[in-house]
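Residue numbers (this note's numbering), protein chains in the order written: chain A, -13 to 87; chain H, 1106 to 1853; chain W, 73 to 360; chain L, 3 to 168.
Derived from the structure by calculation, the hints contain no laboratory data.
Keep in mind it's a predicted model, so treat the numbers as computed, not measured.
Any given hint might turn out to be false.
[Stated by the list, open to error] Here are the simulated DSBU-like cross-link-like pairs (lysine-lysine), alpha carbons at most 30 Å apart as the crow flies:
{"id": "1", "chain 1": "L", "residue 1": "LYS5", "chain 2": "H", "residue 2": "LYS1264"}
{"id": "2", "chain 1": "H", "residue 1": "LYS1522", "chain 2": "H", "residue 2": "LYS1384"}
{"id": "3", "chain 1": "L", "residue 1": "LYS5", "chain 2": "H", "residue 2": "LYS1164"}
{"id": "4", "chain 1": "H", "residue 1": "LYS1164", "chain 2": "H", "residue 2": "LYS1414"}
{"id": "5", "chain 1": "W", "residue 1": "LYS114", "chain 2": "L", "residue 2": "LYS5"}
{"id": "6", "chain 1": "H", "residue 1": "LYS1852", "chain 2": "H", "residue 2": "LYS1418"}
{"id": "7", "chain 1": "H", "residue 1": "LYS1164", "chain 2": "H", "residue 2": "LYS1385"}
{"id": "8", "chain 1": "L", "residue 1": "LYS6", "chain 2": "W", "residue 2": "LYS74"}
{"id": "9", "chain 1": "H", "residue 1": "LYS1291", "chain 2": "H", "residue 2": "LYS1164"}
{"id": "10", "chain 1": "H", "residue 1": "LYS1508", "chain 2": "L", "residue 2": "LYS6"}
{"id": "11", "chain 1": "H", "residue 1": "LYS1508", "chain 2": "H", "residue 2": "LYS1536"}
{"id": "12", "chain 1": "H", "residue 1": "LYS1414", "chain 2": "H", "residue 2": "LYS1397"}
{"id": "13", "chain 1": "W", "residue 1": "LYS137", "chain 2": "L", "residue 2": "LYS5"}
{"id": "14", "chain 1": "W", "residue 1": "LYS74", "chain 2": "W", "residue 2": "LYS137"}
{"id": "15", "chain 1": "W", "residue 1": "LYS125", "chain 2": "H", "residue 2": "LYS1397"}
{"id": "16", "chain 1": "H", "residue 1": "LYS1385", "chain 2": "H", "residue 2": "LYS1397"}
{"id": "17", "chain 1": "H", "residue 1": "LYS1414", "chain 2": "H", "residue 2": "LYS1536"}
{"id": "18", "chain 1": "H", "residue 1": "LYS1536", "chain 2": "H", "residue 2": "LYS1522"}
{"id": "19", "chain 1": "H", "residue 1": "LYS1384", "chain 2": "H", "residue 2": "LYS1357"}
{"id": "20", "chain 1": "W", "residue 1": "LYS125", "chain 2": "H", "residue 2": "LYS1384"}
{"id": "21", "chain 1": "H", "residue 1": "LYS1512", "chain 2": "H", "residue 2": "LYS1418"}
{"id": "22", "chain 1": "H", "residue 1": "LYS1209", "chain 2": "H", "residue 2": "LYS1164"}
{"id": "23", "chain 1": "W", "residue 1": "LYS125", "chain 2": "W", "residue 2": "LYS114"}
{"id": "24", "chain 1": "W", "residue 1": "LYS137", "chain 2": "L", "residue 2": "LYS6"}
{"id": "25", "chain 1": "L", "residue 1": "LYS5", "chain 2": "W", "residue 2": "LYS125"}
{"id": "26", "chain 1": "H", "residue 1": "LYS1397", "chain 2": "H", "residue 2": "LYS1384"}
{"id": "27", "chain 1": "H", "residue 1": "LYS1522", "chain 2": "H", "residue 2": "LYS1209"}
{"id": "28", "chain 1": "W", "residue 1": "LYS74", "chain 2": "H", "residue 2": "LYS1536"}
{"id": "29", "chain 1": "H", "residue 1": "LYS1164", "chain 2": "W", "residue 2": "LYS125"}
{"id": "30", "chain 1": "H", "residue 1": "LYS1397", "chain 2": "L", "residue 2": "LYS6"}
{"id": "31", "chain 1": "W", "residue 1": "LYS114", "chain 2": "H", "residue 2": "LYS1209"}
{"id": "32", "chain 1": "W", "residue 1": "LYS74", "chain 2": "L", "residue 2": "LYS5"}
{"id": "33", "chain 1": "H", "residue 1": "LYS1164", "chain 2": "W", "residue 2": "LYS74"}
{"id": "34", "chain 1": "H", "residue 1": "LYS1164", "chain 2": "H", "residue 2": "LYS1264"}
{"id": "35", "chain 1": "H", "residue 1": "LYS1291", "chain 2": "H", "residue 2": "LYS1264"}
{"id": "36", "chain 1": "W", "residue 1": "LYS74", "chain 2": "H", "residue 2": "LYS1385"}
[Stated by the list, open to error] Derived list of chain W stretches under chain L, where covered just means 3 residues or more per stretch with a C-beta under 8 Å from a C-beta of chain L:
{"id": "37", "segment": "76 to 84"}
{"id": "38", "segment": "89 to 103"}
{"id": "39", "segment": "169 to 182"}
{"id": "40", "segment": "255 to 264"}
Positions of the beta carbon are idealized from the N, C-alpha and C atoms, including for glycine.
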Amino acid sequence: MARVFIPSLLRSFTGGSAEVEANGATVRELIEDLEARYPGIRQRLLEGSHLRPNISVAVDGEVSPLGLLETVSPTSEVHFLAAIKGGMAPSMGSLSPSSAP
Amino acid sequence: MSTQSYQVIGTRPIRHDGVDKVTGRALYGADIQMAGLLHGAILRSPHAHARIRSINTSKAEALAGVKAVVTAADFPPTGDRIVDLGEGETPLSYIRGNILASGKVLYRGHAVAAVAATSPHIAAEAASLIEVEYEPLPCVLTAPEAMRPGAPLLHEDLKTKEFGQQTDRVSNIAEHFRHSLGDLEKGFAEADIVLEREFHTATVHQGYIEPHNATALWNNDGRLLIWCSTQGAFVVRDTTACILDLPVSQVKVTPMEIGGGFGGKIPVYLEPVAALLSKKTGRPVKIVMSRKEVFEGTGPTPGSFIRIKIGAKRDGRFTAAQADLAYEAGAYPGAMVGAGAMTVFAAYDIPNVTIDGYDVVVNKPSTAAYRAPGATNAAFATETVVDEIAEHLGLDPLDLRLKNAAKEGTRRADGLKYRRIGCVEVLEAMKAHPHYRAPLEGANRGRGVAIGYWFNAGLPSSCTISVNADGSVTLVEGSTDIGGTRTSVAMQAAEVLGIPAGSVHPVVVDTDSVGFTAVTGGSRTTFATGWAAYEAAQDVLRQMKERAAKLWGLEPSAVRFEGGHFRASGHEISFAELAARLAETGGPVVGRATVNPRGVGGSFAGCIVDVEVDPETGKTSILRFTSIQDAGRAIHPSYVEGQMQGGSVQGIGWALNEEYFMGPDGEMRNSSLLDYRMPTALDLPMIDTQIVEVPNPGHPFGVRGVGEANIVPPPAAIANAIYRAVGVRMRRLPMSPPNLMQELWKKS
Amino acid sequence: MKWFDYAAPDSLEQAAELLARYPEARPLAGGTDLLPQLRAGKRTTPLVVDVKKIPELSSLTIDEKGALTLGAAVPCYRIYEDERVCARFPALAELASILGGIPIQGRASLGGNLCNASPSADAIPLLMAMHATAETWSTSGARSIPVEDFCIAPGRSALAPGELLVSIRIPALPPRTAAHYLRFIPRNEMDIAVVGVGVSLTLSDSVIQTARIALGAVAPTPILATEAAASLENQAPTAAAFERAARLAQQVTRPISDMRGTAEYRRHLAYVLTRRALEHALQAAAAS
Amino acid sequence: MQKKMHVTATINGEVQEFLCEPRQSLLECLRDILHLTGTKEGCNDGNCGSCTVLMDGRLVTSCLVLGPEASGAEIVTVEGLARGRELHPLQKAFLEQAALQCGVCTPGFLVAAKALLDREPQPSEQRIRWWLANNLCRCTGYDKIVRAVQQAAAELAATQGGMNRL
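All chains should be modelled from the sequences, with the hints used to inform the complete structure.
Have a look at this one:
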């Protein structure tokens, strides 16, 4: 199972644990598995079927440009990070649609 | 990572755009001339915080030569939306609000209305004839002030977010987040020494010499054409399309040469306004900011309040560290506090860490990135506390840093583990540098050191490379070239193709003519666009091997490329010779690539500085300065050195004199290059550099971004040097003569 | 910038006539203060009168008594490139070489610096210390105004409407006399004085015969520190005497706090710079 | 009545005539009327040096000169430094020393440095810094600019101050 690191502000869902385990071949599947174990956490990570715009995911230490589609192996380390506004990667031009309803 | 020796990489060719830039031929945004061109001017708020009661434009419209006036009312009626321009969810009203204020003005200099006229003088005069009735409101100018309960609110609808989750708390705190690692209490309990200090840093500006400018033509076919000075043409395209509610394909942005950016030319200010004026007049409209507008109406980098607490064992080993970072976002959410949190302890391996970040809105211009945004503020705090710990424990400041230095496998407080980094190598190079051991004699002189980190960005870049029959290639890219990246990108293609750098002709093109490319920022261009050029060159080679195979009647797999020649058993043809025969072997060869790379390698930079303080005036002079940085692999060492020198001097300016000097009414009192006091040639010695190369395993040539980390250490290093010179610890930036004198008085 | 007309008269009479006809007209010498002020809207004018073609304003002469008459529009570089000025008025040449950067010195004049009447003007404290007078002309004739009486408020001079500054007259320095201007700026160039001090000392045998001390940027106009100067007369030029004079000079300051420094800081600098300027002047006077 | 003025000036060796408003600066005249856009505006109040030109052999910031004041004057801008296809030694040195990054301050620096070398062919580092103190560069930290001026001075000395001195 992949090791998932829980940011401090979401640890209320994991009973205070900073590090949990979850299954899944992709980040999307991993989140589904996390939701089964820690109900409510999905809603803090996803908005509809997308990763929340303020959250990015890192697999094995690399912030992934693929997000939910990124593949995960059973030995992976997965981090959910508060995406950083201004001056950081996402603000410098993304391929996101120019507007969302 | 290849350890082969390179033909092009590491050499110092003349930059491709050099002749145009030394002869005055290079065309920057303000140089645009076109038939029927109108000139725009913007009316800006004289209040830091006020409700707009009414705007009367009739007198302006009546002035001879005036062709149009626009206000926020001219935006399409689609303002009540949440949008995502890669900054996260943001109300469109915030994005538009910073372009032209609606309802309220939130800082002095906030754009309220704009005019297009037949000359810049008439436009400016007309703008002054627009009558705006304001209801002034109390303003808040610093983070601690704005966070206080009961503080005047900038946005009545702004509710604090905790890790992206909206709460019901209405306040000026747009966002709070926390990184934590280990057990903080346990870590401090283990420490033999715990120091806790508070720091204030002033708002500072990037200070690029070319003011913002934009020219727009809303063409009769409905397409919006824009020429401007920007770090990212695609960002301008997407943002302008979003603001004006247009499909992105209806906007074409042509990036002109850019006279400096440093992060400050990522946001959009003028383009949508010029577009609205063009829409009303049917003519192209150019707007160029004055220097005062640049200071008051664009995005400086946040002022901040920082509290740092570090615990260490007697032997110097850090056991715990805590940081509170409150950064001033300016009028709209989005301070660089996330990056500040990521970098505040980034140079150290500390087992127990908690970092709290606060993004706080205040009545100042909406902040923008500035070279390693957020990191310089944070390092000023951390690196001066580290220096104090070294003093208390009687350790050499570099030994203390080396003892705790982050290395491959170190886990940062945000959870990520470092891959191969050069922190230790940079510290060792500092220690070994002759400057560090050179005698420093004389009264009131001192030497300081500090280290800084910037993590760098990847992000998408696209390139095409067309092979010319004369053996040269044309490289088309979307990265605006601010400091010589045409050349550092071209050199990577040249290396792959086995041709001289001068045989690659790089061109930076508009948004219709190249694939999506993110901004020139985040130290990413030589890394990511260079990588795209590498991949496009590989694509060229693959196709040319097929052509060679066709010439020789072989399978492409039989053809090798080495030393600039295609070879197969018994056959050999140079790149140039084969280029001349493309027509007969199937037509043109165009290589293409688009990358969105992982493998970004962060960069560490350190500096050693000697200062002399005049204890009677508080003035600090820089006697000697050495900058040392891990470049991964230096593609063009002269321009790597140039980045190190430029970043260092911006750091020196930030340390010593630069600040937004605000009156209590929110007026910037020093909004000119006379009183903002960036360093001149006469204020500096030569800036010595030493490039450290710890190749980044994530990049084909080992490149790390070098544009930013160099600005991070100087303020802390200078503070540490000042302490050794005159015995006072400076915890407020700038360490200007009056501020330093204040501390000297307290001491005596 | 609002529209204005431009005229470049080539005689004092023509200029005076224009200034009489357009009381709001602004004379233009180097333009280094006037143009930024017009652009910022701090001043408006219907007519800019370029005075550089008027011979009296563009001449630099030293008369038989050794007095210097410096045309109001003579740019700084002509002062420090003039060997006679460098030899006889070295402090003035040095002042001209620190006023703005080289391109500013290509245009800016001490006359303009005086007429701008800024509390922090670099030229004024030194001119005051050197007993300079402002020579003016208008349709009602010529007059001579001591420089210490020339500034009446920030940005306002004693010039009457229609009156033009023609030249600055600086008497010859007596033997064993030296002047010095010292200012404090955070950068090493391109800055406005946080405080500026102009001094002159005349030595006689082993004592100071006369002294003059003027300070800039510590009051609404540059001021003379007469008591401080008087305290030096007939005193040996010792560190203690300079210290005492500097403290007295500090007492007459009435500084404000602004982006260039607090009132407290300015008062402190007034003391430090007065002391240092006197030390410089002493060395120069002793050597002369 | 608001009337434009007729100005005749020698610009980069050629006599030029143009009409300008009295309020237009020499900088505006060069850029907007004569389309000599090599001279840049950075601050419009004489504090950045990007618009530095030579006027009758003297360095001036062209933003602080009114167009009509140029009447009869001889102006040299960055466009006038090269002799035909031959770059001025300063231009070559700036390229070889990588003394520019964004390049927007470069025209002003080149003109200022030329004025210095015309007067002081062998300036010390301190004299170079003194002469260039009115020109702000935010990219380079000045190090490579100072070195480029030193290189050009050495080259000019080697050519006996002859052919390349324009």
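Hint check:
1. LYS5/L x LYS1264/H: This hinted pair is violated, its Cα atoms lying about 57 Å apart.
2. LYS1522/H x LYS1384/H: violated (51 Å)
3. LYS5/L x LYS1164/H: Answer holds: LYS5/L to LYS1164/H is near 23 Å, not above 30 Å.
4. LYS1164/H x LYS1414/H: Cα-Cα ~58 Å, so violated.
5. LYS114/W x LYS5/L: Cα-Cα ~24 Å, so holds.
6. LYS1852/H x LYS1418/H: Holds. LYS1852/H to LYS1418/H sits at ~29 Å (cutoff 30 Å).
7. LYS1164/H x LYS1385/H: holds (18 Å)
8. LYS6/L x LYS74/W: holds (14 Å)
9. LYS1291/H x LYS1164/H: violated (69 Å)
10. LYS1508/H x LYS6/L: violated (72 Å)
11. LYS1508/H x LYS1536/H: holds (13 Å)
12. LYS1414/H x LYS1397/H: Distance ~39 Å between LYS1414/H and LYS1397/H Cα, so the pair is violated.
13. LYS137/W x LYS5/L: Answer violated: LYS137/W to LYS5/L is near 48 Å, above 30 Å.
14. LYS74/W x LYS137/W: violated (46 Å)
15. LYS125/W x LYS1397/H: With a Cα-Cα distance of about 33 Å, the restraint between LYS125/W and LYS1397/H is violated, given a limit of 30 Å.
16. LYS1385/H x LYS1397/H: Satisfied, since the Cα-Cα distance of roughly 27 Å is no more than 30 Å.
17. LYS1414/H x LYS1536/H: holds (26 Å)
18. LYS1536/H x LYS1522/H: Holds, at roughly 26 Å.
19. LYS1384/H x LYS1357/H: holds (15 Å)
20. LYS125/W x LYS1384/H: violated (48 Å)
21. LYS1512/H x LYS1418/H: holds (20 Å)
22. LYS1209/H x LYS1164/H: Judged against 30 Å, a Cα distance of about 22 Å means the pair holds.
23. LYS125/W x LYS114/W: holds (26 Å)
24. LYS137/W x LYS6/L: Answer violated: LYS137/W to LYS6/L is near 47 Å, above 30 Å.
25. LYS5/L x LYS125/W: With Cα atoms ~22 Å apart, LYS5/L and LYS125/W stay inside 30 Å; holds.
26. LYS1397/H x LYS1384/H: Status holds; Cα separation ~27 Å.
27. LYS1522/H x LYS1209/H: Violated, at roughly 45 Å.
28. LYS74/W x LYS1536/H: At roughly 60 Å apart (the allowed maximum being 30 Å), LYS1536/H and LYS74/W break the hint.
29. LYS1164/H x LYS125/W: With a Cα-Cα distance of about 40 Å, the restraint between LYS1164/H and LYS125/W is violated, given a limit of 30 Å.
30. LYS1397/H x LYS6/L: Roughly 28 Å between the alpha carbons, so the hint for LYS1397/H and LYS6/L holds.
31. LYS114/W x LYS1209/H: Holds: LYS114/W and LYS1209/H sit about 27 Å apart, inside 30 Å.
32. LYS74/W x LYS5/L: holds (14 Å)
33. LYS1164/H x LYS74/W: Given pair LYS1164/H, LYS74/W holds - Cα atoms ~16 Å apart, limit 30 Å.
34. LYS1164/H x LYS1264/H: violated (40 Å)
35. LYS1291/H x LYS1264/H: violated (34 Å)
36. LYS74/W x LYS1385/H: holds (25 Å)
37. 76 to 84: holds (count 4)
38. 89 to 103: holds (count 3)
39. 169 to 182: holds (count 7)
40. 255 to 264: Check passed, 3 qualifying residues.
In the structure shown, a violation is registered for the earlier hints numbered 1, 2, 4, 9, 10, 12, 13, 14, 15, 20, 24, 27, 28, 29, 34 and 35, in ascending order.
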